[in-house]
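K.L.:
Using the hints, build the complex out of the two chains.
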Amino acid sequence: MNKRTISTTQGTGVPDKDELAARESCLTERFISGDVSAFAELAELYKDRVHGFVACILGPDRESEDIAQEVLIQVYKSLSSFRREARLSTWIYALARNVCRRRLRERGREAGLFAAAKDESGYELPDAASSAEAVFEGAESARAVRDAIDGLSPLHRTVIFLSCWERLSYQEIADALDIPVGTVRSRIHNAMAALAIRLKTVIPAERGETR
Amino acid sequence: MSCLSKEQLIDYLFAAESPSPASVGEHLAACAGCRAELEFLKRLKTAAGSAPLPPVSVNFTDRLMRALPTEAPRKGFLRGFYGRGFRPAWAFALAGCAVLFYLGLATWRGPGAPQPGAPEALCFSDGPATVKKVLAAPQKNTSAKTAVYSYTDGCAAARCGLL
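Going line by line, the protein sequences match chains A and B. Residues in the first sequence are numbered consecutively from 3, following this note's numbering. Residues in the second sequence are numbered consecutively from 44, following this note's numbering.
Isolated chain B, as found in the complex (with noise of 0.2 Å):
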């Protein structure tokens, strides 16, 4: 095998958590120019590790404290969930499953479903509006298969809100 490339040594020295190939560990095993090679990038990992970082104020905690916002940061309706391991799309998915209820239920048809009411037939006799017949409720006719009501001009005129 020839010599590693300073890529693949890097990729060596830097990548930890992706296994090298098993031929890199074994190169370097075998030959000395790469393991020397490998040993001056590892000190100058090292090197650059170690230098100090640019120095802060001695004050500058205090500083930010004081320029923090006064109140503690609230947590928003959304915030609180986010927390929570909240995740919009959670919300999209319950306003999904909201509507496919009600879908269900407008069109559901099989036992305790819903039935809609008997059909009226609405009969209106002639004639003036009197008191008396405003008065007079509307005459169910149970005898036909239909629910039948009569109601008088009173009536109707009750309802639609003429008297």
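For reference, chain A alone in the conformation it holds in the complex (with noise of 0.2 Å):
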């Protein structure tokens, strides 16, 4: 399990927005104004999120690793032209879904992924079997959360990872996936929904009947 090096909001783990801008803002002064060990800081501050929303849309495999690389030296060769007009973050997960994109043509599996027609039948109903019944304490629990993230579809896992893990809005999670407001609300929706499923048995219930 990695360990994030970045400071957490809360102690749930999830990075402070107005820090994690700062120091990006200070790495990207400091990069484009020539120095390049900037660069290093601010891919250590990455990798695992380029990485992260890499497998959200390829799969956890091995390849994931090299297209992280792929992405962060597009990076390199592109920050001096970011206009920051968008948050560093937005701007770093389109040029990723774009390499992805372009990857994922090379491999011929594009249909299907990025589709809009293929949305809402993307993602396997849960399999009850595989997460019911059993009592989640701890580590396993975050296994038994990663397991399911992982059984979504790439459609949601990716709105997943951007909202939740990301904590981008909507509008931000529209630019950087290249798609309507509307769609990204429905596939978060629907992401929810299936996450929900697969997590009733994991998260402690307090909830009155299922709607």
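What the hints contain is simulated information worked out from the structure, not anything from laboratory work. All residues carry an ideal CB built from backbone N, CA and C; glycine is no exception. Careful, some of the hints might be misleading.
To be verified - Reference listing, derived: stretches of chain B covered by chain A, where coverage requires no fewer than 3 residues with Cβ under 8 Å from a Cβ of chain A:
no. : region
1   : 46-55
2   : 101-109
3   : 137-147
What the hints assert, rightly or not - Within a straight-line C-alpha distance of at most 25 Å, the following computed SDA-like cross-link-like pairs (lysine to any residue) qualify:
no. : chain 1 : residue 1 : chain 2 : residue 2
4   : A       : Lys-202   : B       : Asn-102
5   : B       : Lys-85    : A       : Arg-86
6   : B       : Lys-49    : A       : Ile-181
7   : A       : Lys-79    : B       : Asn-102
8   : B       : Lys-85    : A       : Asn-192
9   : B       : Lys-85    : A       : Ala-195
10  : A       : Lys-19    : B       : Ala-58
11  : A       : Lys-19    : B       : Glu-82
12  : A       : Lys-79    : B       : Met-108
13  : A       : Lys-79    : B       : Asp-105
14  : A       : Lys-202   : B       : Lys-85
15  : A       : Lys-202   : B       : Lys-49
16  : A       : Lys-19    : A       : Glu-31
Unchecked claim - Quick list of the computed label-pair ranges, beta carbon to beta carbon:
no. : chain 1 : residue 1 : chain 2 : residue 2 : range
17  : A       : Arg-109   : B       : Ala-149   : 57 to 63 Å
18  : B       : Glu-82    : A       : Val-183   : 24 to 30 Å
19  : A       : Arg-104   : B       : Pro-98    : 21 to 27 Å
20  : B       : Trp-133   : A       : Asp-152   : 45 to 51 Å
21  : B       : Val-101   : A       : Ala-24    : 51 to 57 Å
22  : B       : Val-101   : A       : Ser-83    : 27 to 33 Å
23  : B       : Pro-131   : A       : Ala-195   : 42 to 48 Å
24  : B       : Gly-139   : A       : Ala-23    : 52 to 58 Å
25  : B       : Gln-51    : A       : Ser-80    : 37 to 43 Å
P.N.:
Below is the structure:
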């Protein structure tokens, strides 16, 4: 399990947005002014996140690390043209999406992952037997959540990653994925519904009847 | 008010920057069922946000830094401008201004505008060109309203490059 190198908010493991943005801005300035070593720090900051995003789209295989490297090399080449109209993370995820899309096209697997028509049917229904009846604690619980997320479709994994882990807004996710905000909204709804089914035995339920 | 849909609750949870209608808040305050549902969704979101990311190799950054191009990325001409907020539209605007400026100068008839030169009338005399005639400068008839230059054949031939 990899550790996050950035500070977190309220002990939830979620990166502090403002602190992160300030650090990114500082590193970007240094890099643009010619300090190449700043890029190493930026890469250290982003390697897990870019790799996580790539793994969401391509699936967690060995190639995802190579693709993450390719994305960061692309960032290195293009960072001086970053216009700062969006957050750096949004821009990097947009670059990563393009690299992944190109790789998927090379693999001939483009259809089905980004096509809107496949959105609703993109994930398999959860296998109740895989998670039910089990009691998860600590690391096992985290592992179960990871497995549940890995079991979602690439589309749903991606929006879950960007919304829950990266805490981007609907608009920022739309910019990163180059899709309308309405599509982001419906994907998040579907992804949360699918995740809820998979994790209903893991997350302690204080809820009433499922609607 | 009837209970909130799951979509409404998810929007309430995720779209924090767009304020939800006050009625949603009021309903949540009054309805234990919706509060429990929202609490479950919050836990789900927290769990998904806390899930460990797939690990990368320990030497990922070292390999990356070795794989980078050896020289620092140069700022191209346009990239340098981009870095300062330059937009291609500005280039078009500048070009448009230059064209308008040129057209304005060409059509300007006010004070200080360049005056066209006085028309010249060229008169040629008959007779063969001689060295003496060629070397003679054209004579301007200052008494005429229109400037009249009297050229010998030699002058004209010299001007035309025939001699």
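K.L.:
All the hints need checking, so say for each whether the structure fits it.
P.N.:
The hints, checked one at a time:
{"no.": "1", "hint": "46-55", "in the structure": "holds (count 6)"}
{"no.": "2", "hint": "101-109", "in the structure": "holds (count 5)"}
{"no.": "3", "hint": "137-147", "in the structure": "violated (count 0)"}
{"no.": "4", "hint": "Lys-202/A <-> Asn-102/B", "in the structure": "violated, 37 Å"}
{"no.": "5", "hint": "Lys-85/B <-> Arg-86/A", "in the structure": "violated, 31 Å"}
{"no.": "6", "hint": "Lys-49/B <-> Ile-181/A", "in the structure": "holds, 22 Å"}
{"no.": "7", "hint": "Lys-79/A <-> Asn-102/B", "in the structure": "holds, 21 Å"}
{"no.": "8", "hint": "Lys-85/B <-> Asn-192/A", "in the structure": "holds, 16 Å"}
{"no.": "9", "hint": "Lys-85/B <-> Ala-195/A", "in the structure": "holds, 13 Å"}
{"no.": "10", "hint": "Lys-19/A <-> Ala-58/B", "in the structure": "holds, 16 Å"}
{"no.": "11", "hint": "Lys-19/A <-> Glu-82/B", "in the structure": "holds, 23 Å"}
{"no.": "12", "hint": "Lys-79/A <-> Met-108/B", "in the structure": "holds, 12 Å"}
{"no.": "13", "hint": "Lys-79/A <-> Asp-105/B", "in the structure": "holds, 17 Å"}
{"no.": "14", "hint": "Lys-202/A <-> Lys-85/B", "in the structure": "holds, 13 Å"}
{"no.": "15", "hint": "Lys-202/A <-> Lys-49/B", "in the structure": "holds, 15 Å"}
{"no.": "16", "hint": "Lys-19/A <-> Glu-31/A", "in the structure": "holds, 18 Å"}
{"no.": "17", "hint": "Arg-109/A <-> Ala-149/B: 57 to 63 Å", "in the structure": "holds, 60 Å"}
{"no.": "18", "hint": "Glu-82/B <-> Val-183/A: 24 to 30 Å", "in the structure": "holds, 26 Å"}
{"no.": "19", "hint": "Arg-104/A <-> Pro-98/B: 21 to 27 Å", "in the structure": "holds, 25 Å"}
{"no.": "20", "hint": "Trp-133/B <-> Asp-152/A: 45 to 51 Å", "in the structure": "holds, 47 Å"}
{"no.": "21", "hint": "Val-101/B <-> Ala-24/A: 51 to 57 Å", "in the structure": "violated, 28 Å"}
{"no.": "22", "hint": "Val-101/B <-> Ser-83/A: 27 to 33 Å", "in the structure": "holds, 31 Å"}
{"no.": "23", "hint": "Pro-131/B <-> Ala-195/A: 42 to 48 Å", "in the structure": "holds, 44 Å"}
{"no.": "24", "hint": "Gly-139/B <-> Ala-23/A: 52 to 58 Å", "in the structure": "violated, 38 Å"}
{"no.": "25", "hint": "Gln-51/B <-> Ser-80/A: 37 to 43 Å", "in the structure": "holds, 40 Å"}
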